[in-house]
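*Asks:* Protein chains in written order, with this note's numbering: chain V, 1 to 121; chain E, 1001 to 1402.
Source of the hints: derived by calculation from the structure; they are not laboratory data.
All residues carry an ideal CB built from backbone N, CA and C; glycine is no exception.
Careful: at least some of the hints might be erroneous.
Just a sample of chain E residues kept apart from chain V, beta carbon distances all over 10 Å, derived [what the hints assert, rightly or not]:
1) ASN1042
2) ILE1147
3) HIS1239
4) MET1240
5) LEU1263
6) GLN1288
7) GLU1293
Covered stretches of chain V (chain E as the covering partner; in silico rule of three or more C-beta atoms under 8 Å from a C-beta of chain E) [claimed, not checked]:
8) 6-12
9) 33-39
10) 61-68
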Amino acid sequence: MDTQTLYREELLEHYRNPQNFGKLSDFDISSKQSNPFCGDDVEIFVQLKKYRIKNIGFEGKGCAISMAGASMLTEFVKGKTKKELTKFSEKDMLSLLGIEVSETRKKCALLGLAVLKDCFS
Amino acid sequence: MNIWKKDFPIFQKNPQLIYLDSAATSQKPKVVLNAIQDYYENYNANVRRGLYPIAEKATKKVEEIRKKVAKFINAKDPSEIIFVRNATEAINLVAYAFASHNLQKGDSIITTIMEHHSNFVPWQQVAKIKGIKFEVLDITNDGFLHINDSRFKIQDSRFLAITHVSNVLGTINPIKEIIRKVREVNPHIKILVDAAQSVPHMLVDVQDLDCDFLAFSGHKMMAGTGIGVLYGKKELLKHMQPFLYGGEMIKEVGIEQTIFADLPYRFEAGTPDIAGIISLGAAIDYLQSIGMENVRNHESRIMQYALDQLRQIDGITMHGPGDVKNRSGVISFNVDGIHAHDVAQVLGDMHICIRAGHHCAMPLHKRLGVPATARVSFYLYNDESDVNKFIKGLKEVKKIFQ
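With the sequences and hints as input, model every part of the structure.
*Replies:* Right, dumping it as structure tokens:
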């Protein structure tokens, strides 16, 4: 695996300019988790309209994989229903990232998803 | 060109490899690999039991190496050298076999914020189980131990567990002076030195330091993984309970009771890592053929070069003493705005092996106020060209993420 494939341009773009970054002024649920191994943390805020994610925001700090991952995830799930979300798996998250992540970096890649799932648990 | 690099086969098999993670584990010279193979091919047998020639040879070899290790760290007697798995096991042995038996509720154990978890967690846990006070010495902002901190009553403490060299900051603690000062105010305190990062890189003399216990790992000093050493003063070891029970540590076993073997075997239950011990012997021979002072000087020179190069890059924060005189070949750093794992991963893709994370020192990272750092560490086989490639790679990292 070389740098070009792991840190592909789309991922780097999300890292440099994360989408949906910031706490929502009006939200229904939120959750926060951190990965003590690397000190990454992600907090997600969700505003619901009926069963649909009307708006979503995240805050946090960490490595490129975890931050870009959270950015891509929040972009992807906006407008989705709760049911659609429960079907969204770790495997889906990894393919959303579009990179091959090593075992050690998997936690970084899946941190955002873990927080989002926690919002609805 | 580094004259020693050719002694390490890994660099011939992987010519592109830039290995800057020797504080995690070292590469092995051919002489060490040969010694392991020689044992398995020519005299593989269990020790201290067999009555046939190859068993006797293996036993003799192990005991010769015990003497070699004793001489290497200047222990008074080979029976003060206990073969264990690694420094971690050595420290746990002392925590269980000494501290948990000899310290009581209300006593105190002091350690420091710059410890590796292996010299932190065992004491924290023993303290918890026994109701012992657990105190942690702080560091100054330039990475030295705050040994004169008046909040700590060293005169009342029973045990001090302290590292010789920090695996994150690189700080070489003035351990001899610290031990002398501590003993002046507290003649009864027992002191364990974690020498995992010092014995591989500099001359260590246990009698000169006057420590009670000293622990180190073979794999960080060019030997195989799975062999470590605990040094302990004989008069202390003599009165300690065994840590592990089983074969090879007994004199006589009856249904009701067991008489334990003499030192050092009492602390070496089960078949030891014979190949590991043999590799340690070969590693010591190799290091001594170069001379520990030459090892230290070589590393200091490369580290000075690396520090100078790193200082020229914007946005790099380095942790630990700025002066190489007080520092072993370890540099931990952060790059502004880029997580240490991203730094290490991109460098890794360029075959430049550095470490990123908390380096098994979470309390220290909390103290430094960073979740993770990137770390380069040097050994005999590194040279300025490794540093150049690392610096070039680091500039590339900055380009990618900023």
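*Asks:* Find the hints from earlier in the document that the structure breaks and name them by number, from lowest to highest.
*Replies:* Going through the list in order, the structure violates no hint and respects every one.
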